[in-house]
Amino acid sequence: MRWQRFVSVLKARNREFLRDRSALAWNIIFPLLIIFGFAYAFTGDQLGHYKVGVIGLSEDAELDFYATDYVQFIAINEQEKALSINKVKRHKLDMLLDARLKRYWMNDSSPSGYMLERVLAGSGGYAYQKEVVKGKQIRYVDWLIPGVMGMNMMFSALFGVGYVVVRYRKNGVLKRLKATPLSALEFLSAQVISRLWLIMAITIAVYVGCNLLIGFAMVGSYINLLLVFVLGAFSMISMGLIVAARVKSEEMAGGLLNLLSWPMMFLSGVWFSLEGLHPWVQKLALIFPLTHITQAARGIMLDGASLLAIMPNLAALLVMSFIFILLGVLLFRWE
Amino acid sequence: MQPILQIKQLHKQFNGLKAVNGVSFDVPEGICLGLLGPNGAGKTTTVEMLEGIRRPDKGSILYRSAPLNETFKNSAGIMFQSTALQDFITVRESLELFQRLYPDISNIEEIIKDCALEDFIDQDTAKLSGGQRQRVLLAIALVNNPEIMFLDEPTTGLDPQARHNFWQLIHKIKRQNKTIVLTTHYMDEAYELCDKIIIMDHGKIIAEGTPRELLSKHFNDVVIQMPSSPKLEALIALPDEQGGLNFSWHQEGVEIRCSDINQTVNQLLSAGISLNGLQIRERTLDDLFLELTGKALRQ
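Read top to bottom, the protein sequences are chains A and B.
Just so it is clear: in the first sequence, position 210 is 229 by our numbering, and no numbers are missing.
Just so it is clear: in the second sequence, position 13 is 1435 by our numbering, and no numbers are missing.
These are computed hints drawn from the structure, not numbers from a lab.
Note that beta-carbon positions come from the ideal geometry of N, C-alpha and C, so glycine has one too.
Any given hint could turn out to be false.
Said to hold, decoys possible - Short, incomplete list of chain A residues facing chain B, as computed with Cβ under 8 Å: (1) Q23; (2) S27; (3) K194; (4) P200.
Based on the sequences and whatever the hints tell you, model everything.
Spelled out as structure tokens, the structure:
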């Protein structure tokens, strides 16, 4: 691999992207539009029930509190206790009740929690002990942002590499380069690195822009988040290389890229949690890089997940990147 | 002197169709070799095998007596029939991009001057005219200071002025003692530029030699062109044994092919046909091409 050849193709590709103003603008505006759109759409009071998690529901089944209308009681097992307390912190549960210990957890900044506390006291639960947890409410937009940034990376990576290389193949740019000493590895590496740094630059710009304008939760380490995004973008770009390897028509490439991106967009937990879906759909979702990016980024941003906690996601992204890039390079044809 | 390229028994099939079917020839160093033929004759496939970007099914190609290998790319300058350049980069940036892909390079400023690119050197390559674009592609083929150049139909689609301009550039390159392999289906271009011509059809070589050699080998006659008239039409309609002439219709009238001008002119005079508007021309490569391939040249 000759460094000079790699650098010169890299430079040309960067110039092409940065000078294509409309594509550049779209890459930045698209995620902003989605985030703002959803921030607006899901503000305001949400309709529905108060939510109370109950551990050991059968222990105190006669409690009047359970007969309260407009309260949804969710049975929770012992293993989920820590997770549920965390949900109370984030206002995703209004109260957690442990019927065996006669205790309840509530967030002192939650109006719903306060209301439920009064109801509990007046409906047989006066002996229950109060445990106060603290934590800011997690809005839908906070929950959405990590996934939307991952999704934007996905589109930029798949189309920016997959579609562009196929266009080069169709219009003869690749054939002309094949006639030079440039190797396929040099060419593909330049495409990957060019797209990787452009995606990172755009992701950082979108992150900073959104944070300034609407502000969102970020409790974890920025370095861990950067690691997830770099590895995530790399795995998506590598996936784009597989589409770019042989396809000759832009229409075919567009179809294949949509076939890859649409299931990922809806089944990677970007828009809604996968918790309620059928177990096999949840398992299927694990084959998508976007699932791992979204899970890891959300873990870091909302729960301050440590490097160790996101290791399974990082490992999955690494393995996928390795497989994709190997296939992409082995299958690649100039023509 | 050993030929720079020696081609022996090249074969290439696509989906059962024999695109190139046993082609052998030599390319002496420093000449411009023209590969002519109608569309689908196998010219481009042959040239792409010589360029090393397409592998022959059978046969051998020797460059300076050695089989083609990866280093051949450093010595070859290539201009394809249709090449897009990367979008959003300027002519100068394109030249620099390609230059940095090679170990040995030409002086880029000289190339810009030789190919007359100064006026649009900082323009986006997507905004060039047809003639400008071909000059840029030729310049790119020159960035590695090649010993041998392959130009595949370089003037197709250009207006006459742009074509003549382009020919001047090729003459300049020829003077630098570079070997050129040129495919074209313009016979005037081949006549203007080529020292040796190979005519292909259906994947095979059907004629080979210098333009002069080919014409004198295949033709010993000239063409008389004259306006049509009822008397002339009556004369040419006669069967051969009664003095009918070898003719074809032409936009201006009739073209009569004959080896003895005196005899034909006498025949016309004795039939009372006026010689006003009569022109005599020599046979051209166009005639040869039609004679050999039986097809009109197509763009």
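### Query
Which hints from the list above does the structure break, by number from lowest to highest?
Hint check: nothing fails, all pass.
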